[in-house]
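Residues per chain are reported as follows:
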Amino acid sequence: AQSVAQPEDQVNVAEGNPLTVKCTYSVSGNPYLFWYVQYPNRGLQFLLKYITGDNLVKGSYGFEAEFNKSQTSFHLKKPSALVSDSALYFCAVRASSGYALNFGKGTSLLVTP
Amino acid sequence: SAVISQKPSRDICQRGTSLTIQCQVDSQVTMMFWYRQQPGQSLTLIATANQGSEATYESGFVIDKFPISRPNLTFSTLTVSNMSPEDSSIYLCSDLLAGGRYNEQFFGPGTRLTVL
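If you read the protein sequences in the order shown, they are chains U and G.
Numbered as in this note's numbering, the first sequence ends at 113 without a single skipped number.
Numbered as in this note's numbering, the second sequence ends at 116 without a single skipped number.
Subject to a maximum C-alpha distance of 20 angstroms in a straight line, what follows is the list of computed SDA-like cross-link-like pairs (lysine to any residue):
#1 U:Lys22 <-> G:Ser42
#2 U:Lys22 <-> U:Phe46
#3 U:Lys22 <-> G:Gly40
#4 G:Lys7 <-> U:Gly43
#5 U:Lys105 <-> G:Ser59
#6 U:Lys49 <-> G:Leu97
#7 U:Lys105 <-> G:Ser88
#8 U:Lys105 <-> G:Thr44
Per the computed footprint, the stretches of chain U lying under chain G, defined by three or more beta-carbons under 8 angstroms from a beta-carbon of chain G, are:
#9 31-42
#10 46-52
#11 104-111
Hints in this document: simulated from the structure, not taken from any laboratory.
Quick reminder that beta carbons are idealized off the backbone N, C-alpha and C, glycines included.
Bound conformation, chain U alone (with noise of 0.2 angstroms):
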């Protein structure tokens, strides 16, 4: 069975500052990874993938994230944070013998001024 965990409900961060939502998966096989963020009141949107290939994916808005295979960790980063990134993030994995993705809980970004 494939799962993934999101540790923190809630991350802080100062404008300007670089930040890191964290994401740890288990599947049998291959994973593939995504990112999405729900603002308020609105659907999921597609952040970045990672299926293969180089470890750091660059995705929409700034954000990019690294897959670590050792730590089995894709964890999603932002160099610069902006008050606007403040919403709801989530990690999901696909195994590479399904189709469906299975969600983290999710992770509260609150960007502050």
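Keeping the supplied structure of chain U fixed, place chain G upon it in accordance with the hints.
Relative to the frame of chain U, chain G by itself:
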């Protein structure tokens, strides 16, 4: 990406009634999915909507409670039957383009359901 629309965007329903949610995609997609997001919770997959055949349900979800149709490659419906307050959630439709599991899924805006 395919643009996904859902109707209704929200509804308030009485216990014991049923609600059908519609999902329309603007291009033909390989797979369509239905997810539930309970208040303050993550997304849980309800089922995969299969074109022209019965949906594939995840553990804990059954066809009698959540009947799903997918008459063609761009449209699907989810019915929440005999509703109770525990069914109050956001229901999201999602698609996966041809190319399969390498691709990201895109999500509709969701239907916010409140059951009284």
